[in-house]
Structures are given as C-alpha cells and as structure tokens.
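First to last, the sequence lines map onto chains A and B. Per the numbering used here, residue -2 is the first one in the first sequence, and the count goes up by one each step. Per the numbering used here, residue 181 is the first one in the second sequence, and the count goes up by one each step.
Hints in this document: simulated from the structure, not taken from any laboratory. Just so you know, not all the hints are guaranteed correct.
Cross-link-like lysine to any residue pairs, in silico, SDA-like; alpha carbons within 20 Å at most [to be verified]:
| hint | chain 1 | residue 1 | chain 2 | residue 2 |
| --- | --- | --- | --- | --- |
| 1 | A | K29 | B | S346 |
| 2 | A | K29 | B | F343 |
| 3 | A | K29 | B | L259 |
| 4 | B | K229 | B | L248 |
| 5 | A | K66 | B | L286 |
| 6 | B | K229 | B | V423 |
| 7 | A | K294 | A | L224 |
| 8 | A | K29 | B | R277 |
| 9 | A | K29 | A | S19 |
| 10 | A | K29 | B | A345 |
| 11 | B | K229 | B | V420 |
| 12 | A | K29 | B | V360 |
| 13 | A | K29 | B | K229 |
| 14 | B | K229 | B | V210 |
| 15 | A | K29 | B | A347 |
| 16 | A | K294 | A | P223 |
| 17 | B | K229 | B | F213 |
| 18 | A | K29 | B | F310 |
| 19 | B | K229 | B | I218 |
| 20 | A | K29 | B | F354 |
| 21 | A | K66 | B | I305 |
| 22 | A | K66 | B | F310 |
| 23 | B | K229 | B | G209 |
| 24 | A | K29 | B | T338 |
| 25 | A | K29 | B | G185 |
| 26 | A | K294 | B | E344 |
| 27 | A | K66 | B | S309 |
| 28 | A | K294 | B | D278 |
| 29 | B | K229 | B | R241 |
Which bits of chain B does chain A cover? Going by a derived footprint, with three or more residues having C-beta under 8 Å, they are [as the list claims (entries may be wrong)]:
| hint | segment |
| --- | --- |
| 30 | 258 to 265 |
| 31 | 303 to 317 |
| 32 | 392 to 404 |
| 33 | 421 to 428 |
Ideal Cβ positions, reconstructed from N, Cα and C, are used throughout, including at glycine.
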Amino acid sequence: MSTDAARVKEGSPHRGALRSLSRFSWRQPGLKTLGQISLPVAAFVFVYVAALVALLIQGFWTTDSFTGKVIHSWNLDNFREIANAPYPTIILRTLLIASAVTITCMLLAFPYAYFLVRVAGRRLRIALLVATVLPLWVSYLVRVYSWRLILNPDGALNYFLNHLGLPNQNIAYTNWAMWLVFTYIWFPFMVLPVYAALERVPYSLMEASADLGGHGFTTLRRVILPLAIPGLAAGSIFTFSLTLGDYIAPSLVGGPGSSLIGTVVFENLGLANNAPFAAAFAMVPLGIMAVYLALMKRLGAFENL
Amino acid sequence: MERAGTRIGLWSWAILIFLFLWIPIAIMGVYAFNSSNIQSWPIPGFTTKWFSEAWNDQEVRDALWLSLRAGLFATGLALVLGSLASFGLARARFFGRDSISFLFILPIALPGIITGLALNSFFVIWGVSFSLWTIVIGHATFCVVVVYNNVIARLRRTSGSFFEASADLGATGFQTFRHVTLPIIGTAFVAGALLAFALSWDEIVVTYFTAGAQNTLPLLIFGFIRQGTNLPIVNAIALVVIVVSLIPVALAQRLTSDPGAGRG
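Required output: the full structure, derived from the provided sequences and hints.
The following block contains the structure:
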C-alpha cells in the first residue's frame, strides 16, 4: 500500500503528464468530447458525406455514348431522361410493391407482436424474438436465393401444393414473387418496433377500456392500435426504404417485367456503363425517402426506431 | 385476459410466422446436400461432395479469403470509429449532437444502393482504384453504427457515478478507462464487433459498387446464380455462409442479453 501511495505521490514525469491531461479532460468535458468525436465525424464527413455529394454531382454529368467516357459538362439531361418511358412505370411499380410489402408486413407483424407481448411467457418471448431477428443476419442473398429454389416450377412449393391436392402455382419470376420475397426478408424489421410499441402499452389501459365497457375489438381499435401506430410507422421506414433500393430480389426472383428503381441503377452502373444516369436516378429513391421520412416523423416513428 | 378463441388464433399465427421465417432457411440447408445437380424438390439423395468441391475451387477460396479480410478490417475500423463516437456522444449535450448521431445512422437509414453508388462515384472521381480497401471503407460505413449502437446503449445504462467515484478515489482518466469503463463496456464492445463482422461477411448491395472486378463470397455466388452455373456449389457455400454468420450473432446475443436479462 505505502509503496503504491509513494509511487503515485512522486510520479514519473510521464505519469504526471498523463495525470494533468486526464485532469484537464475532466475539467473540460467539451474538449474531451471534441477529441473523441472528431475522428469519427471527420471520417464520415470526408468520406460518406463527400461521397453523397459526389453522387449528386455525378448526376449532372453525362456519358459520351460513343466512347463511354464520363464528360464533366453540367446539364440536366439525366434528370429529364427520368421522365421518359420506361422510367415512370418503373418508379410506379417500385412504389406499389414497396407499399404492398409494407402493408403486408404490418398485417403479419401486428398479431405476432401482440402474441409476443400479451400471450407468450417470458422464455418463449425471448426465444421467438431471437428466432425473428436471427434471419436478418443470415445472408440476405442466400434468403432470396432460397425462395428462387422454393418457387421454381419443380420446387418445394408446388411439391407441397400437389400433396395437398392443389394445383401448381407459377409465381416464380413475377411481381408476386417479389412481393412475397420482400415481405419475407423485411418482416423482422417490422416486428421489432411494433413489439417495442406494444410492450409499452400499460395493462391498466386495457383494463380501463374493459371497465368502461369496451369489448375486445373496441379496445384493440381505440386503445391498442393508436398506441401501436408509431411502431408500425417506424417499421414501415425499413420495409419501404429497403424495397426502394433493392436490386438483388428483382434480379433473382423477378421476371422480365419486374425492373425496380434499384434494377435501373444497378444496370446503368454495370451493363450500360452510364454512371451519371445511375447517379441521377438514385436521387429518385432519395427524394421519395425524404418525403416518406417527413411523413413518418409526424406519426412519431422516430421515437420507436 | 384474451378470450380462449383469440388466444388459439394468436398461437396459430405465431407458429405460422415462425415456420414462414425458418422453412426457407431449412430448405436451403437441405439443398446443400443435394446429390443431383438439378435443383428440384424433393432432392433425390444426400451427399457432402459439394462442400469439398467448393473448398477445392480456387475461385471460391480467393473469394472466401477476400471476404474474411474485408470483414476483419472493416470490423477493426468500425470498432475504433464506433466506440470513439459513442464515448463522445453518450453523455455530452451540445448543439448539433443529434445531427452527429444521425450522421452515423445514415448509412443504414438510406437504401444500400445509395451508399454503394455514392462511394462508387467518390472513388471514381478521386481516381481511387478498387481494392480490398475500397470494400473495407464501404463496409465500415454501416459497421460503425452497429458498434456505436451497442456501446452507447451500454454506456447509457451505466450510472455516471461509477466514473465520478473512480475520479474521487484518485484515478486518472486512463485508469478509470482501464479499470471501470472497459469492464463495463467489454461485452458490448465484443458483441458490436461480432455483429459488425456478421454484417460485413454477407453484405452484397454496397460491396457490388465498391469491389470493382474482385469477388467476395456473396458476389461470387450472386454471379453464379445469375449465370445459372455451379449451382450445387452455390448451395453448399450458402449453408456455410448461413452458419458462419449465425455463430458470431448467437455469441453476441449471449454477451449482450445475459447481464441485462435479470435486471430487466
């Protein structure tokens, strides 16, 4: 003990410098914070934000159709091109599928989350929550691919349908397949915020509703559902945004008429070698998301993320 | 309490959802052992030959090696940036704090294709040629937020009096960090690292735009699936990818849930 104390008292000059630095950072929490965040903030600003700016700038450039080289002359051609066929159809299709997927995820997730909160015991609840989240960590590509195998004309779906005496389904490589696969992949993103929102509904509110004569359905509609809306809105941010930017599912389970916004960006960067147009087109989901986020913020989604 | 009918309905719903979530993954697992190279159901017989075939394929090995290196470096970078950011923001209150935390969340809030294309434009404009490091930067953008979220959640649950007590007892900031902060955040730190690695390991959307002509494992199998070639190998690799991403996540889950479970 005494030797320790002595060591602290004497202190090597190096130790003293450390001590004064730590004293300084304790007295100047602002500078300490600045020291801690400057590196990550700089990294994000100079790479990530700069990259987003680069994306925006690239959208105003053009590609020489003969040499395939990017020409750095500023114009709005790419943005005008977005208004030409087939792009409006593709944007509309993406919006429709993203909405359908979002609504389906909500319908599937609400009773499930309700079950987790109100019916399942503690251990089952934890086990099911883990079982719901784990697929998110299973390669997204592999999960899309598994549906390609399942929906194949001689895949598992038709095998089981035939065994039940039902006719074959041929939804492989259609928009229906994309709807199903997107719903499958993004579903966990909807469950978590809805679960979090429902978990916060106090039991006493439901009792109060019952005491006041509210039947089960009335309580659901007028007490539980309004309190779950922020959770549903938070979940919808993921299901909507992720569908807007996806190109893997359309290319693996979609068909010839299944191009989405993501597909256009993907193909213009890769096959068509028109990076400026890809960049301009990427502004479409960005703009849609900005509007969507503003709407969802009004529903209280951000408190439930 | 819900009526019996409602309860039965909810139970069946939960079971159906569970099956919906896991049957496709199970089917993928079965196909990995498919003895035929025609992908139909049911599979005619079991074999493990595709695993050794995949392992002996040089292209697969190169992709595996690239995926592992990218995952490790991206995780390392994410640990440094993510934990610094969470230390800085956990207790601080200042103007612009929310914008800064929004900045770190942005890469997962925006569709991956935007992050990918933006980084692609950035690299092309600055004349950076695609390499392991462009992949690492691409992955680090969304790995940082995983570490950040894990560490900041732990720091927020920890009472500030621990750090004050340590200072009162004469510890320097570094001693406090070593003997107080590190034991408290240790498991959150490791969990964040495991999750970051799992994210990087099977990422494809951003990787496609930052890899150039290189192939990570997911990019390689994406190419195979699109061309319709080597499908038996794809199935075997798919199972390996599933298992390799589930192990770190299961570990991370244990690390973060155990101490908190009892305390609610």
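Now for the hints, and whether the structure bears them out:
no.	hint	in the structure
1	A:K29 - B:S346	17 Å, holds
2	A:K29 - B:F343	14 Å, holds
3	A:K29 - B:L259	19 Å, holds
4	B:K229 - B:L248	23 Å, violated
5	A:K66 - B:L286	31 Å, violated
6	B:K229 - B:V423	18 Å, holds
7	A:K294 - A:L224	15 Å, holds
8	A:K29 - B:R277	14 Å, holds
9	A:K29 - A:S19	9 Å, holds
10	A:K29 - B:A345	19 Å, holds
11	B:K229 - B:V420	14 Å, holds
12	A:K29 - B:V360	18 Å, holds
13	A:K29 - B:K229	57 Å, violated
14	B:K229 - B:V210	14 Å, holds
15	A:K29 - B:A347	15 Å, holds
16	A:K294 - A:P223	15 Å, holds
17	B:K229 - B:F213	8 Å, holds
18	A:K29 - B:F310	36 Å, violated
19	B:K229 - B:I218	15 Å, holds
20	A:K29 - B:F354	13 Å, holds
21	A:K66 - B:I305	12 Å, holds
22	A:K66 - B:F310	18 Å, holds
23	B:K229 - B:G209	14 Å, holds
24	A:K29 - B:T338	19 Å, holds
25	A:K29 - B:G185	59 Å, violated
26	A:K294 - B:E344	37 Å, violated
27	A:K66 - B:S309	16 Å, holds
28	A:K294 - B:D278	15 Å, holds
29	B:K229 - B:R241	16 Å, holds
30	258 to 265	holds (count 5)
31	303 to 317	holds (count 3)
32	392 to 404	holds (count 3)
33	421 to 428	holds (count 4)
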